[in-house]
Amino acid sequence: MIRLDASAPVTEPFPTPSTAPSPPAPAGGPSPDLRGAEAAPTRAIEMRALCAWYGSHQVLHTVDLDITAHRVCALIGPSGCGKSTLLRWMNRMNDTIASARASGSLNLHGLELLDPTLDVVDLRRRVGMVFQKPNPFPKSIFENVAFGPRLHRSYGRTDLEELVEQSLRASALWDEVKDRLHHSALGLSGGQQQRLCIARAIAVDPEVLLMDEPCSALDPRSTASIEELIRELRETYTIVIVTHNMQQASRVSDTTAFFDEGRLVETGATDILFTAPRERRTEDYVSGRFG
Amino acid sequence: MEGSIEWLLWLLTMVSVVTTVAIIAVLVSESVQFFTMEGHPEISPWSFLTGTVWSPLLGARPEFGVLPLVTGTVLVTAIAGLVAMPIGLLTAVYLSEYASAKTRTCLKTVLEILAGVPTVVYGFFALTFITPYLLQPLSESFGTYNAMGAGIAVGIMILPIVCSLSEDSLRAVPQSLRDGAYALGSTKFDVTAKVVVPAGLSGVIAAFLLALTRAIGETMIVALAAGGLAQLTANPSQQVQTMTAYMVQIFLGDAPANGIEYRSSYAVAMTLFAITFAMTGTGAIVLKRYREEYE
Amino acid sequence: MTIGHTIPIARRLRHDRLMLAACLAATTLAIAVLSALLISIFVQGFSSLDWHFLSSFASRKAANAGILAPLMGSLWVCTICGMVAIPVGIATAIYLEEYARRSRLRSLIQLNISNLSGVPSIVYGILALAAFGRCFGAISSDDPWTLGSPDSVFFVQFPFGRSVLAGGLTLALVILPIMIIAAQEALRAVPVSLRQAALALGSTKWQVVWKVTLPSALPTMMTGAILSMSRAIGEAAPLLVIGGVLLLFSVPDNLMSDFTVLPLQIYNWAGRPQDDFHRIAAAAIIVQLVLLLGFNSVAIVIRQKLQRPLQS
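As you go down the protein sequences, you meet chains V, B and W in turn.
Residues in the first sequence are numbered consecutively from 11, following this note's numbering.
Residues in the second sequence are numbered consecutively from 1364, following this note's numbering.
Residues in the third sequence are numbered consecutively from 2, following this note's numbering.
Rather than coming from a laboratory, the hints here were simulated on the basis of the structure.
Do not rely on the hints blindly, as some may be mistaken.
[As the list claims (entries may be wrong)] Just the calculated beta-carbon pair ranges, DEER-fashion:
#: 1; chain 1: B; residue 1: Met1400; chain 2: W; residue 2: Asp51; range: 28 to 38 Å
#: 2; chain 1: B; residue 1: Ser1392; chain 2: W; residue 2: Pro145; range: 19 to 29 Å
#: 3; chain 1: W; residue 1: Pro145; chain 2: B; residue 2: Gly1402; range: 25 to 35 Å
#: 4; chain 1: V; residue 1: Leu196; chain 2: W; residue 2: Ala33; range: 39 to 49 Å
#: 5; chain 1: V; residue 1: Gln257; chain 2: B; residue 2: Pro1537; range: 28 to 38 Å
#: 6; chain 1: W; residue 1: Ile8; chain 2: V; residue 2: Asp229; range: 31 to 41 Å
#: 7; chain 1: W; residue 1: Gln197; chain 2: V; residue 2: Lys143; range: 27 to 37 Å
#: 8; chain 1: W; residue 1: Gly5; chain 2: V; residue 2: Pro88; range: 39 to 49 Å
#: 9; chain 1: B; residue 1: Ser1502; chain 2: W; residue 2: Ile8; range: 35 to 45 Å
#: 10; chain 1: V; residue 1: Thr168; chain 2: W; residue 2: His16; range: 22 to 32 Å
#: 11; chain 1: B; residue 1: Trp1370; chain 2: W; residue 2: Pro274; range: 49 to 59 Å
[To be verified] The list that follows gives simulated cross-link-like pairs (lysine-lysine, PhoX-like), each with its CA atoms no further than 20 Å apart:
#: 12; chain 1: V; residue 1: Lys149; chain 2: B; residue 2: Lys1551
#: 13; chain 1: V; residue 1: Lys188; chain 2: V; residue 2: Lys149
#: 14; chain 1: B; residue 1: Lys1471; chain 2: V; residue 2: Lys149
#: 15; chain 1: V; residue 1: Lys149; chain 2: B; residue 2: Lys1557
The structure presented is a predicted model; accordingly, all values stated were derived computationally and were not measured.
For every residue, glycine included, the Cβ atom is placed at its ideal position computed from N, Cα and C.
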């Protein structure tokens, strides 16, 4: 397990959701970090009455959901149920889509993420994302991992090398690439590329990792290695994963939230949700009867 | 029927091959005649390529050192590149990364118009606008004909080439790379300068090369605006003669078709052809390599 | 362990704004240049533009001069150029895309075409002077071979000398590589499935090309053709090599007539020191730009009208 940021664990209770958006974190300053809170499980992300639209089409209807720190939360549901939209609001990637808007409250450790004045650059440093298809930059493996850290901080050469090594070790890629760090990342296999993207995301030391169907473009063996990695990473990061694959959700996640037609149908511990769902629709979906 | 059609298509395809062969044959045979002309033992390929005086029509004894024509061409091309490459690349970045779809369509139309303007028009523009209204107010050293005015006009002429080819290669950079960079906390500057432009760089370089090739071969602008005095100078306020402008001077003039100065234009054309052929070849190879890399 | 120094976000945002400012400045400059070009030419040339200017021949006095000969010359030369370059260009594209095997020879031909597109147009003029103007010295111009009668439009003499036929063929050589590349791109855009469907119905290769591939590639091809033609209509350098600049008092009446074209006339007038001639040069440029704009709008209309059914 790596710990790049040794700020003391903060265990103050999660602030009650306020109606007024809290001010954005001071630019470049230290952000509240609840990592390593070993005592009671804390809530990393809290949503209240979250609604989201693309243009006039409403894709999320009054979602209330809490995501626990240092757990893997899987978002499942049929295509178009709004789970990817939800993910893209958590790091404000929806800002790149002009017609996207949202209401309600989406809170990360007391920081209101829907605040239009939010410093999204700092937010995205704190909330990393791994995409459906591996998207390494057409640069060397080293440059890919060093890209994020270099954006936010200036490093000495040896510090940077150490950071890259730690990130690659944490994503279980180090042994495979240590001899060709300065070769193009495009020469890696699909699974390796996706692990490189994970290394790239954790190199900026985020609190939360968002994964948008990270294995859908991969073969079964690569999928298995990524799933194993996710299990390891949960000790350090809060992970939210969108997946279409029921088995994957049950294998990697601690809690699962089932969405249908933009509504949160049911959420709970993964083993319970898959074996004894409360809702009929959840049961139909997890047993493969629709979706 | 099928066979004869294929044969006919093949025959027409050979037109472009024959064109290349014929260009090379004409240039080589005429240049050989220039170098071996009777009564001019001082002319050799070596003296031609390294000579620093070009005075085919003036003086008692003509001198044929091509370097002043080459430096004249390089000077005008360099000015054109300095004008077109930054403006073209930045406009391409604006079009590909910032502009809305509507603005993009509008600006592309502007560029298409610029691309279609005949080069003689840019020469006229240099002569009647750039030099008298932009350059001469700045410094009195600019004459009616000068390298600067011609260079700027050539720069304007190649701007659409730089811009639209660069834009193509920037837009070919997959959106997923931009998303990946944004998700790491990049600003738009970071995404553009550290991901998009480096990823599209080979396309941008190919665009630069092709545009500079056009600048080197440009004729009408320099014939109108750069002057007619072949001199070895790096001063952009002076008049210079480019390789193409010399050819125009000869073909427009009364030089007898068997004379030494008439023949010299073929040696100049050979030099010009060799330079541009090498540059386009390099551009094509760069582009090909880049396509292989990202497909 | 926290390592490195935080880069202040203010500095990063400043870079962001600088970048946008630089891009906007460059784009504005490009638009400003086009405006300056159009306005300066319009201001200089508009007053000289009238019916007399369009319908008269050249003159020693700028006030009496007109562009009838170069205007008709441009039309003749461009028609010949198009009639040669468009079919040859399309045929070459069809051969390379549909028939040629992916061999070394094919990629060599391809490289040759892209190299040809970078050859300065004045060099084509030199080739044309040798080939069309002099038949490589095989036939003396004092004793030409003659086909047909001088009264016929299709009267032909070898060598072509400085005739409209030589001019049109010269421009055809200049735009051939551009035309080939445009036609190839159009053919490549036709989905392979379309061809396979036709082949599966038992069509021969040529039937597939003629009935399926060509019709669906035609709109894009025509756009490419028109854009190549607009390049041809603006070319002056290669024509200057084969024919020099002539002040003509007649319009072409057969393939062997002498000719001049608008860009050459503009060059001639622009090169004179007197402002009077600069004004009529500007007027001729306006005519030239209007012609080009006409060409381009036709291309845009074709693109929009004919591409729609393909896309749906």
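Verdict for W/Gly5, V/Pro88 (Cβ pair) under range 39 to 49 Å
holds (44 Å)
Regarding W/Pro145 and B/Gly1402, is the given constraint of 25 to 35 Å on their beta-carbon distance met?
holds (32 Å)
If you check the beta carbons of W/Ile8 and V/Asp229, does the distance land in 31 to 41 Å?
About 39 Å separates the Cβ atoms of W/Ile8 and V/Asp229, which means 31 to 41 Å holds.
For B/Ser1392 and W/Pro145, compare the CB-CB distance with the range 19 to 29 Å and indicate the outcome.
holds (23 Å)
Please test the hint of 35 to 45 Å on the beta carbon pair from B/Ser1502 and W/Ile8.
holds (42 Å)
Should the hint that W/Gln197 and V/Lys143 are 27 to 37 Å apart at their CB atoms be regarded as holding?
holds (28 Å)
With a cut-off of 20 Å on the C-alpha distance, tell me whether B/Lys1471 and V/Lys149 pass.
violated (31 Å)
Do V/Gln257 and B/Pro1537 keep their Cβ atoms within the hinted range of 28 to 38 Å?
For B/Pro1537 against V/Gln257, whose Cβ atoms are near 30 Å apart, the range 28 to 38 Å holds.
Take the C-alpha atoms of V/Lys149 and B/Lys1551, compute the straight-line distance between them, and say whether it is at most 20 Å.
holds (19 Å)
Look at the Cβ atoms of B/Met1400 and W/Asp51 and judge whether their distance stays inside 28 to 38 Å.
violated (52 Å)
If you draw a straight line from the CA of V/Lys149 to the CA of B/Lys1557, is it 20 Å or shorter?
holds (10 Å)
Agreement of V/Lys188 and V/Lys149 with the hint, judged by alpha carbon distance not exceeding 20 Å
Within the cut-off at roughly 16 Å; holds.
In terms of the numbered hints stated before, the structure departs from hints 1 and 14, listed from lowest to highest.
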